[in-house]
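Chemist: Assemble the complex: chain A is given as a structure, and chain B must be docked to it using the hints.
As given, the protein sequences belong to chains A and B, one line each in that order. Residue numbers are given in our numbering: position 160 of the first sequence equals residue 164, and the series is strictly consecutive. Residue numbers are given in our numbering: position 221 of the second sequence equals residue 247, and the series is strictly consecutive.
I should point out that these hints are in silico values taken from the structure, not numbers from a laboratory. Note that the Cβ used here is the ideal one computed from N, Cα and C, for glycine as well. Any given hint might turn out to be false.
[As the list claims (entries may be wrong)] Dumping the calculated DSS-like pairs for lysine-lysine here, alpha-carbon to alpha-carbon at most 30 Å:
(1) Lys248(A) / Lys204(B)
(2) Lys258(B) / Lys171(A)
(3) Lys290(B) / Lys281(A)
[What the hints assert, rightly or not] Beyond 12 Å from chain A on every Cβ pair, some chain B residues (computed):
(4) Lys141
(5) Val165
(6) Arg208
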Amino acid sequence: MPILVGRNTKAIVWGITGSQGTFHTQLMLEYGTKIVAGVTPGRGGQEVHGVPVFDTAQEALSKVKANAAIIFVPAPYAKDATLEAITADLNPVVVITEGIPVKDEMQIMEIAKQRQTTVIGPNTPGIITPDQCKLGIMPGHIFKPGKVGLVSRSGTLTYEIAASLTKNGLGQTTCLGVGGDPVVGLSFVDVLQMFKKDTSTKAIAMIGEIGGNAEETAAEYVKKTKYPKPIVAYIAGRAAPPGKRMGHAGAIITGKAGTAETKIESLRSAGVKIAMKPGDIAKQIKRR
Amino acid sequence: MVKAQVLVAGRGKAGGIKPASTADEAEEVSRTILGMTVKGEKVAKVLVEKRLASKHERYVSIVVDRAAKCYTILCSTEGGVDIEDVASRQPEKIFRHQVDPLVGLQDFEGRMVAKGVGYSGKQMVQIASIVGKLYKIMVDCDAELIESNPLIETENGEMVAADLRILIDDNSLFRQKKFLERAKTYEPDMTALEIQAREKGLAYVELGGNIGIIGNGAGLVMATLDMILDYKGSPANFCDVGGGANEDRIAAALQIVLGNPNVKVLLINIMGGITRCDDVARAILDIQKKMGITIPMVIRLVGTNEKEGQKILADANIPSLNSMEEAAESAVKMLGARA
Numbered sequence: 005m006p007i008l009v010g011r012n013t014k015a016i017v018w019g020i021t022g023s024q025g026t027f028h029t030q031l032m033l034e035y036g037t038k039i040v041a042g043v044t045p046g047r048g049g050q051e052v053h054g055v056p057v058f059d060t061a062q063e064a065l066s067k068v069k070a071n072a073a074i075i076f077v078p079a080p081y082a083k084d085a086t087l088e089a090i091t092a093d094l095n096p097v098v099v100i101t102e103g104i105p106v107k108d109e110m111q112i113m114e115i116a117k118q119r120q121t122t123v124i125g126p127n128t129p130g131i132i133t134p135d136q137c138k139l140g141i142m143p144g145h146i147f148k149p150g151k152v153g154l155v156s157r158s159g160t161l162t163y164e165i166a167a168s169l170t171k172n173g174l175g176q177t178t179c180l181g182v183g184g185d186p187v188v189g190l191s192f193v194d195v196l197q198m199f200k201k202d203t204s205t206k207a208i209a210m211i212g213e214i215g216g217n218a219e220e221t222a223a224e225y226v227k228k229t230k231y232p233k234p235i236v237a238y239i240a241g242r243a244a245p246p247g248k249r250m251g252h253a254g255a256i257i258t259g260k261a262g263t264a265e266t267k268i269e270s271l272r273s274a275g276v277k278i279a280m281k282p283g284d285i286a287k288q289i290k291r292r
Numbered sequence: 027m028v029k030a031q032v033l034v035a036g037r038g039k040a041g042g043i044k045p046a047s048t049a050d051e052a053e054e055v056s057r058t059i060l061g062m063t064v065k066g067e068k069v070a071k072v073l074v075e076k077r078l079a080s081k082h083e084r085y086v087s088i089v090v091d092r093a094a095k096c097y098t099i100l101c102s103t104e105g106g107v108d109i110e111d112v113a114s115r116q117p118e119k120i121f122r123h124q125v126d127p128l129v130g131l132q133d134f135e136g137r138m139v140a141k142g143v144g145y146s147g148k149q150m151v152q153i154a155s156i157v158g159k160l161y162k163i164m165v166d167c168d169a170e171l172i173e174s175n176p177l178i179e180t181e182n183g184e185m186v187a188a189d190l191r192i193l194i195d196d197n198s199l200f201r202q203k204k205f206l207e208r209a210k211t212y213e214p215d216m217t218a219l220e221i222q223a224r225e226k227g228l229a230y231v232e233l234g235g236n237i238g239i240i241g242n243g244a245g246l247v248m249a250t251l252d253m254i255l256d257y258k259g260s261p262a263n264f265c266d267v268g269g270g271a272n273e274d275r276i277a278a279a280l281q282i283v284l285g286n287p288n289v290k291v292l293l294i295n296i297m298g299g300i301t302r303c304d305d306v307a308r309a310i311l312d313i314q315k316k317m318g319i320t321i322p323m324v325i326r327l328v329g330t331n332e333k334e335g336q337k338i339l340a341d342a343n344i345p346s347l348n349s350m351e352e353a354a355e356s357a358v359k360m361l362g363a364r365a
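Okay, chain A solo, but in the shape it has when bound (with noise of 0.2 Å):
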């Protein structure tokens, strides 16, 4: 069993209508992907690539069955739908939007605990598990099954390593990004603690960077419950100097926190094997 997507997973788009929404929704489906209804206010009644649009959530839910939501709605919409779809009940509910304020971010996630909905994202990739359900805007071809599970803060750098993972024969459960945004649904520690639970994944790649502290805090975790499966960490921005924000929003060091070197550290004394290069991390899970 993979994580959080699979086979059953049925999917609910949020701005389907708008030109990221219409693209990504024909790649899902082609995908095979179970794409069932989207959701743009005043456009119910309308059809994308085959799928049905209605005008809100409750509407859409009258008439299919889903479980899940995906939202490619513009910034300053994004936390209205997001939080439509988290109170229709679907779960989990896949941010792909960049640029929400961190204000509203930080709404959403205190709602999303509440009903106990998993968010993923904002500024994700999304999820996919391989050959079952992709709920994202990743490349499906260079995913595989297999045995590695993959959690990221980025979206090119997790297609890059993804890649190596299936060159090497070794191809994954489920990947997922996190969202390079400073809050968000998911942390590592989250993700790590489904990995463990499922029997299908082997060992687990992270793809970290500068800012925040996420890596440290799942080294702690890591530490404390002698985590049972091999982790394999990469964490991008060493060259990167203080105070400047490096593309990802929540990619930056303040101060001395947030440093690729304190995370590197922190890792490893947690006893994650560290990569140094991306194309290293699929070498050091296949020496495992």
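Modeler: Frame of chain A; chain B shown alone:
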């Protein structure tokens, strides 16, 4: 007190805050401060305010707590100094309080904060009122940090926020329009190219080396910079063209990265997921012709239609490589060959 109004921290140390005892003196001091440069920013405005007889310097701030996913109030008796030093040396001297993002700050929470750093009675009420006002600014302005350092206890026991620094969340600018112009014009520590890049919506940071870097995706570009360091090279910049790397964005990125005269070799690293590599290759050639690029380029191009893309580049005598490692190594070597 005459205080320089600049958008950088540390103006006091730089001589931007001076006392004056008479109106004439205040005018004279203002003249010296106006026009001086604080960390690269010219002082255009000063604030003249009542000088406070300070007995103690305290600290209060509200920050975005990434791990707890809420605003957290930080308050300390150790004010007027670098709060990060206090946090690392004497963490017990900082009182922390998390605020529910749905309910918002209640008055009693402000009183808890004041009690947490040892204040009672009237002073407690004053601190609670300051905390409440800071919280209101935080929420109303979509701030990601608001900090009063120092928060002063005067000789007659009044609590006053003597200094205030606010950072606005860039992502909120679509609804915080009053900060939009300021965000464009006032970034004293940004270079001219960084300002240009921001206007074009590109994530670009100058780094001082000589290998220009362009890639798609923040993590991938950071990893590329790291790899250049590992091969003993020196990256000139961080530049992320983003997910859907179309011709216009690549052109804009090239213009900015090559606008830096220190760039001697250019490394482009594209992990074309959904983007087609042949489109990217054609775009690069097209731009190379239009812009008349003469410096050597190393291109790493993989993903959908990578063979076609690599062939297009090979026909134009531009080497393209499959792996990031090879690309980074080859960029550093090329630089050595040129030097």
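Chemist: A separate judgement is required for each hint: does it hold in the structure or not?
Modeler: Against the structure, the hints:
For the suggested pair Lys248(A) and Lys204(B), the alpha carbons sit about 23 Å apart, so the restraint of at most 30 Å is met. With a C-alpha separation of about 28 Å, the suggested pair Lys258(B) and Lys171(A) falls inside the 30 Å cut-off, and the hint holds. For the hint pairing Lys290(B) with Lys281(A), the CA-to-CA distance comes to about 24 Å; that is within 30 Å, so the pair holds. Once the 12 Å rule is applied to beta carbons, Lys141(B) is consistent with being away from chain A; the minimum gap is 25 Å.
The beta carbon of Val165(B) is not kept farther than 12 Å from every beta carbon of chain A, the shortest such distance being approximately 7 Å. Against chain A, the non-interface label of Arg208(B) holds: every CB pair exceeds 12 Å, the least being about 17 Å.
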